[in-house]
Amino acid sequence: MNPLKADKVVKQYGDKTAVNGISFEVGAGEIYGLLGANGAGKTTTMRMVLGLIYPDGGQILYHGKAYSKEQLSNLGYLPEERGLYPKVRVSDQLIYLAQLRGMSKKDADDSLKRWLDRFEVPEYYNKRVEELSKGNQQKIQFIAGVIHSPKIVILDEAFSGLDPVNVELLKSTVKELRDSGTSILFSTHRMEHVEELCRNITILHRSNVVLQGNIKEIKKRFPKERVILSTEKEVSGLDRIGGVTNVIRHEYGYEIGIANESVGGDILRHAMNQATITRFEIKEPTLNEIFIKTVGDSHE
Amino acid sequence: MNNFWTVVGFTVKNKLRGKAFAITTLIIAIILSIGINLPYIFSQFGGGDKVTSIGYIQSQQAEHADGTKTGDQLKAYFEAQEGSKLQLVPYGDKGSAAENEKQLKQAIEDKDIKGYLAFGEMTESGFPEMTYKSEKLMEFEMTSSLQGALQIIRQDTVLQDAGLTEEQRALLNAPIAIDAVQISATEGAGSMGEGKTAEQQGMNMGLVYAMLFLLFMSIMISGQMIASEVTAEKSSRVMEILITSVSPLKQMFGKIFGMFVIVLLQISIYVIVILANVSLPHNGKVMGNLNINLSDIDPMLLLYAILFFLTGFFLFATLFAAVGSLVSRTEDLGQAVMPITIVSLAGFYISIFSIGSPDSMLVKVTSFIPLFSPFVMLLRLGLTDPPLWEVLTSIGILLVGIYAAVWISAKIYRTGVLMYGKRPSWKEIRKAMKAYKI
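Respectively, the protein sequence lines represent chains D and R.
Mapping of the first sequence onto my numbering: position 140 corresponds to residue 140, and the numbering continues sequentially without gaps.
With the second sequence counted from 1, adding 1000 to any position gets you my numbering.
Simulated from the structure, these hints should not be mistaken for laboratory data.
Beta carbons are placed, not taken as given, at the ideal position from N, Cα and C, and that holds for glycine.
Wrong hints could be hidden among the right ones.
Listed next, the in silico DSBU-like pairs over lysine-lysine satisfying Cα-Cα at most 30 Å (straight line) [stated by the list, open to error]:
| hint | chain 1 | residue 1 | chain 2 | residue 2 |
| --- | --- | --- | --- | --- |
| 1 | D | K65 | R | K1250 |
| 2 | D | K5 | R | K1250 |
| 3 | R | K1250 | D | K113 |
| 4 | D | K134 | R | K1019 |
| 5 | D | K87 | R | K1250 |
| 6 | R | K1013 | D | K134 |
| 7 | R | K1019 | D | K113 |
Residues of chain D placed beyond 10 Å of chain R at every Cβ, according to the derived structure [as the list claims (entries may be wrong)]:
| hint | residue |
| --- | --- |
| 8 | T17 |
| 9 | G29 |
| 10 | Q93 |
| 11 | E157 |
| 12 | R190 |
| 13 | A259 |
| 14 | H270 |
Chain R is faced by these chain D residues, among others (derived, beta-carbon under 7 Å) [said to hold, decoys possible]:
| hint | residue |
| --- | --- |
| 15 | L50 |
| 16 | L72 |
| 17 | E81 |
| 18 | V88 |
| 19 | Y252 |
| 20 | Q274 |
Take these sequences, add in the hints, and give me the full structure.
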């Protein structure tokens, strides 16, 4: 039985539907991506999973059971915006939050120290949150979400405001959590993170599910429409090949839009006549493109 | 229940650690200490006991005869009195009224006298017309003590002329005492029996005063703190994490109880500061004068006072928490808590201004209204003897009120903490409240 299952969940604010019948399942040791433009209903969905707000229709099951107070200690949450007491010491508030989720003071303290070491910032133990930089506050916020070793972790925009080094650090931590069997519901705007971390995704647009499923399968469903070509010297006449939709010149070479995969061969032959080829690739659509395409399409 | 105490502990610990708490407590403690020692400090400067000197013209001339006689009589009278705050200083006649006036004014300027008496025509009262002239406005105290002195002088003269003996005159002046004892004609709510003596009434009034101030202060101090803590948690979004960890009811009451502990602590510090200052040797005399005897306090009244203090505190505290949860930004908080502040102010003032008339209709009616009754019923209990059923009814209504306030506040709290942005409309609040179980 999957740790987290949402079944046709609906949420309405007044006469506006915020989430319209979303269903998904997150398995143990899986990171599930929840994508969507701003205001698409991601945070509302996450809040319903947390029990912060109640769905107006459908149900959410935790290990097959409905929401109850006992579930609280199984849930970990990292909100999109900072949710910490600015003027309270890191140790005080994290131990407090862990205690509220049923940990003993000593266990919480041990766990906190372990996490601070993991993030290589043991000196923050006695600091006030307001003294820390935004990125470091995010680390503390992350620890607040996972200090009690929850079975289900909800990460809303976990990597926002972090520098690349810290993003890598946090990403590897998330992977560790996944490998230790935690179910993670993950939302972000950064598609490359989703491609790296998530097995399954749901794309929400204006409260509706517009795309759902395994990332690999989703990608197969979308035609390969781009060719990357790098040559030693310039190639002319690429845009005159039949089936080529557009040509963009980059420093590294050409990015060519194609109507279907077979045009690739024509391009390769055309280029070989003119120059030595250093790179030729018929690219899979990136999630970014799929996202823009899906969300953009339904705009009309 | 465990989580409840965790919340209490966290609230107390953070408040105690904060600089604001320590500084506020210290400042108020210093102000209290200064206030209590002020009379002593003043007396050290000699300002309080200074004898006021009044000048007059002493002259052998016929036109000044009446004035001089009256002046001499007053001078003798005040000299005869022990510890008199007044003394008369004679000045020689300079010949003309203008010269005399000039001389006396000069004396005022030299700070030898505060003012002087000018005498005019003889009147029917047996004294000449008198005018007290000084640089100060509204010298009613001065003229009335002069008046009193003259009354006695005249009385003495008349009695002496009538040929009364010394004993007879003493008898005429002996004070007459009437004691007022408050009794209850029916079964009252206070302690039964002989009624209250003047001392007991005084102590009860003192207790009522003290408790009214204590309740009002506690509500003011902690109400603001509770509301702003809730708003701060909300605006920093800690609330989202908290609400997923602990039920809103526990969270709210943990916070309220934590604040209660803080307020009690703060008030005990003040009380200790007051007691310590009062028991300093140089303040001993002041305390003796106040005639405080704690055994005169009616134990039933004390019990009621504590009961009304607790219920009143929790009623207002829950309301403050609810309002705090509706506001997303601390800047909007002042406006939002205004109604509650005004209600508590109204309750407090109704009782303070009704101390002179504790049986008025206003007091009777408001002593049954939950938000006022902690203040007003206490006043009635302390100063009158309301029937037991009225007190019990009032407490009953108050408890129902608290229950309703807790229920509504918990709902509002649960709802409000997740509402951001603009102030939610009543319709939105009502709608959202229906959705949440507490």
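Check the structure against each numbered hint from earlier and tell me which ones fail, lowest number first.
10, 19, 20
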